[in-house]
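Asker: Chain by chain, the residues:
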Amino acid sequence: MQRRCLIDRLMQGVLLGSALLSVCIVLMIGLFTFLQSRLAWQSIGPVAMLTGTAWRPGSGRFGLLPMIAGSVLATLGSVAIGVPLAIGCALFVAEVAPAPIRALVRPAVQLLGGIPSVVYGLFGMVVIVPLIRRIPAPGNSGYGLLAASIVLAVMILPTITSIAEDAIRAVPREYKEGSLALGATEWQTIAGVTLPAARSGIVAATILGIGRALGETMAMTMVIGNSVVVPAPLTQNPLSIYLSPARTLTGNIAVEISYATGLHESALFATGVTLFVMIMVVNSSAHFLLRSRSR
Amino acid sequence: MRRVSVILLLAVVLIAGCARATPTPLAREQATAASPVTEPEPNPSPTAEPALAGRITVAGSTTVQPLAEKLATAFRAANPNVEIVIQGGGSSVGVKSAAQGIVDIGATSREVKDSERTEFPDLVVHRIAVDGVAIVVHPDVPVDSITTEQVRAVFAGDIASWKELGGPDRPITVVAREEGSGTRDFFQEHFMKDRDILARAILQPSNGALRTAVSTTPNAIGFLSFGYLDDSVKALAVDGIQPTEANVYGGTYTAWRYLNMLTRGEPAGLARAWLEFILSDAGQQIVTAQGYLAVKR
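Chains as they are written, first to last, in the numbering used here: chain A, 1 to 295; chain B, 1 to 297.
No wet-lab data here; the hints were simulated from the structure.
All residues carry an ideal CB built from backbone N, CA and C; glycine is no exception.
Any given hint could be a false lead.
One-sided and incomplete, this derived list gives chain B residues near chain A with beta-carbon spacing under 8 Å [to be verified]:
id : residue
1  : Ala78
2  : Asn79
3  : Pro80
4  : Asn81
5  : Val85
6  : Gly89
7  : Ser92
8  : Glu178
Some residues of chain B that are not near chain A, with every Cβ distance over 10 Å (derived) [as the list claims (entries may be wrong)]:
id : residue
9  : Thr173
10 : Arg200
11 : Gln204
12 : Pro218
Produce the entire structure from the sequences given, and follow the hints as far as they go.
Answerer: See the structure below:
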């Protein structure tokens, strides 16, 4: 009896230790990134950094707006493509698919989450970029936001699908039965009852997907072009903004950190802080939504 | 089964705890036994030929880095007790860290600037290789020659179609390196002068990535270190001069720079031995095997 008690205590301590350690690591990384970026915030100023449109470290100009715009647009694009796909996938797996097909589709989608980022980038570079290049528009090189959005959409698919599927499965059986009993067709039931009931879970899944998309780096630097410009439409059609090359916040750090010293380096850490804050806002809103759903 | 593993785990934790609190004689014995092996011999045996041993650190240009790795590997093959640690950081880091004695040798793919010379007067420059910068295009571009003026106009965005360079009427896709790259710095200084590379240019973060981008993008143009030239891209003649080794040596192809190693004061000991190896025939053969040009001496 006493020995079991000891083991329990000990294991409790070990588990507490590992939990505390991971909290410490998060805090330390946050603190370190912030401290390293202080020089930039102080000597350039937060307003000039966050609203400046020119990033030319060689001439001392550090505007992050092009990268913020690039990250936000690429993420929006990936959500526009990826979320409908993911919800369709989740609905199919949770509601429609017969068991054998479900057993095939589900692991296939989850497998997407295990493919390394650089492989997605390579795929994007040799398959998607040449396809996009065929769209006739002046200055369209194939590299740009559209290629980035498509690659990102595939990358966030597994995250969104699995959480959305859980949310759909959590809809009480009685709701659906009630709807079917009233004479609604299967599709009417899905569109009118299941989806609205699972709404908050699907929204939370989307937000987690956004967090993942914002943080993606390697694949992005390979397909987005990395040009430091605030993206603008190439033609009359406003959607052609997605053919414009861009640079993401993550890509800004990855591309330049090996050369950076002094203020430049600090400005890259400030890029990291900006990203950190954006992702924190996105993730905590997902947690908030998930919690309000479980209540 | 689970019970056994829990007990085992407990035992491991307990033993680890004991060992830290009161070192057992066994542990102490092991510690003393291990120390002479990890520490270097205090007095190497005074034989006739003192073998080289020790460690040198190198930091700086990422263009020089892969070459330096090869040169270090070859040097270590002959002197197994030598350790050469090579870090990147860029040419500016190479200058600073060598001048401040943070590393033994700094690497740069550009000349030491005047401002750096006045700040660090005791830097000694060792030229270890010559690297040309070629203007490359996608292999399907039917243009073979370009002038310096045209290079500047294309990369500044004034010329947007291959038609103006004698090709078909197709838009030019400009590919460049990222800000801070030594190759970009050189390109800026040699070709662009006071013009900026257009903001819309596709930027790639390394010579290799740039080559891939140019070779897979029709109508693309970029600039590339000689060390990375291959059949996947077409190198253009600049002002009628082909970017070849002979033309660099002959003085007609002018877009080239030295790759340098910097030391604070005259190098001594290991650093000196390694630099001598680099400038020896064996070392310079490695330089040419990597696609760079040997330093003319």
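Asker: Tell me if glutamate 178 of chain B is really an interface residue toward chain A, meaning its C-beta lies closer than 8 Å to one of theirs.
Answerer: 5 Å, holds
Asker: Grab the minimum beta-carbon distance between threonine 173 of chain B and chain A and tell me whether it stays above 10 Å.
Answerer: 4 Å, violated
Asker: Holds or violated: the hint that proline 80 of chain B contacts chain A, with Cβ atoms closer than 8 Å.
Answerer: At 30 Å from the nearest chain A Cβ, proline 80 of chain B fails the 8 Å test, so the hint is violated.
Asker: Have a go at the asparagine 79 of chain B hint: is there a Cβ in chain A nearer than 8 Å to its own Cβ?
Answerer: It is violated, given that the least Cβ distance between asparagine 79 of chain B and chain A is near 29 Å, above 8 Å.
Asker: Can we trust that glutamine 204 of chain B is non-interface, i.e. its beta-carbon lies farther than 10 Å from all of chain A?
Answerer: Check fails; 7 Å does not lie beyond 10 Å.
Asker: Non-interface claim for arginine 200 of chain B: all C-beta distances to chain A beyond 10 Å?
Answerer: For arginine 200 of chain B, whose nearest Cβ neighbour in chain A is about 5 Å away, the distance does not exceed 10 Å, so it is violated.
Asker: Would the hint on asparagine 81 of chain B be counted as holding, given a Cβ-Cβ threshold of 8 Å to chain A?
Answerer: Check failed: Cβ of asparagine 81 of chain B comes no nearer than 30 Å to chain A, outside 8 Å.
Asker: Does serine 92 of chain B pass the interface check with chain A, least Cβ-Cβ distance below 8 Å?
Answerer: 6 Å, holds
Asker: May I ask you to test the interface hint for glycine 89 of chain B with respect to chain A, counting a Cβ-Cβ separation under 8 Å as satisfied?
Answerer: 7 Å, holds
Asker: Does alanine 78 of chain B pass the interface hint, meaning its C-beta sits closer than 8 Å to a C-beta of chain A?
Answerer: 30 Å, violated
Asker: Just double-check proline 218 of chain B for me: nearest Cβ-Cβ distance to chain A has to come out over 10 Å.
Answerer: 7 Å, violated
Asker: Hint valine 85 of chain B vs chain A: min CB-CB distance below 8 Å?
Answerer: Since the shortest Cβ distance to chain A is 16 Å, the answer is violated.
Hints 1, 2, 3, 4, 5, 9, 10, 11 and 12, counting from the list given before, are not met by this structure.
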